[in-house]
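Colleague: For the protein sequence lines, the chains are S and B, in the order given. Numbers given in the working numbering equal positions in the first sequence, counted from 1, plus 5. Numbers given in the working numbering equal positions in the second sequence, counted from 1, plus 124.
Take these hints with a grain of salt, some might be off.
[Claimed, not checked] Derived coverage of chain B by chain S (criterion: at least 3 residues anywhere in the stretch with Cβ under 8 Å from a Cβ of chain S; other residues may be distant):
1. 143 to 155
2. 185 to 194
3. 232 to 239
4. 266 to 273
Calculated directly from the structure, the hints in this document are not laboratory data. The beta-carbon is built from N, C-alpha and C at its ideal position, and this holds for glycine as well.
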Amino acid sequence: MLVSFANWIHATPLGWAVGGGVPWLWPACETAHFIGLALLLGCVGLFDLRMIGMAKGLELGPLQRLVPWGVFGFVLNVITGVMFFAGKPYQYLNNYVFWLKMLFVALAGINVLLFYATGLQRRVEAVGAGEHAPAAARVVAAVSLLLWFGVVYWGRMLPFLGTSF
Amino acid sequence: MEILASLEQSAFSAWVRESGSLWAYPGILFMHTIGLGLLVGASTAIDLRILGVASRVSLAPMERFLPIMWIGFWINAVSGSILLVADASTKLTNPAFAVKMGCIALAVVDIFLIRRYVFRDPGLDRGSVSPIGKTLAAMSLLFWTAAMTAGRLMAYIGQDSGAPEFFNRIGG
């Protein structure tokens, strides 16, 4: 099923363009992918670090307003990621490292869902300057940081551990 | 340049390029991405705040994130030096590398200027940031974006890397 999706998207004009038809497009997507990475790690990362206890002078409620920019970075990376897949689907489909990267992204997503679904986000919003975040929030934050750095690791290892490129 | 040539021939550089160990070239590249994530990530968040995003966040405590940026910087200075030394003859003749170094120099100077004109501003957190501060933050975003772009383009411009199996040229 994935194979047919891969074949389908690769046959689109987008797939042709990213796959080499428009030579500068692949490097441009890579650059955008790094910008998305910086936005995601920066905005979500700093929020996580504050929850863990760094820069206690910050109130957590307002700091959360940075997170949407991190989400924007994530969305940018999903878009460029789909473009990479469209351009060269088989170097990802057949690469276990790619699937590990996707697994870590999915786990990070579950972590975020739990943060909201358990009401933890509400409690965190109320944490003021100088105050500790709840212990559960510290766990969520640490897991988040670990998972996103893991995503970076698997992404970086695509050509080395796996068979990409 | 003689020194760099001989460093490039050294056993350590050969190990970085050719050992095939994950801790060599791939591992060092990974550290370089981590450093980038820390440095450009934290810098981006602070710059966005200076420019007015999440304006209810106090700026003064955000200075506590500057050490994260310095950690990222030094991780990249070290990993970058190793990458350079392992491949000096191709990297030093790569115009993208020169542009990258220039942008990083400008971005680092910008950090010091932001500390001076934003974090040391007596009016900090009493109203919005001064025009100088905002300009410096916008320039910081630009310099880091340019540095990252130049860094990525190093794989596409200039000579092929001296690292045999780990060719930089990828994708399209």
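Colleague: Could you run down the list of hints and mark each one as holding or not?
Modeller: Going through the hints against the structure:
1. 143 to 155: Contact hint for the region 143 to 155 of chain B vs chain S: holds, 5 residues under 8 Å.
2. 185 to 194: Contact hint for the region 185 to 194 of chain B vs chain S: holds, 5 residues under 8 Å.
3. 232 to 239: violated (count 0)
4. 266 to 273: holds (count 4)
Violated hint for the displayed structure: number 3, the only one.
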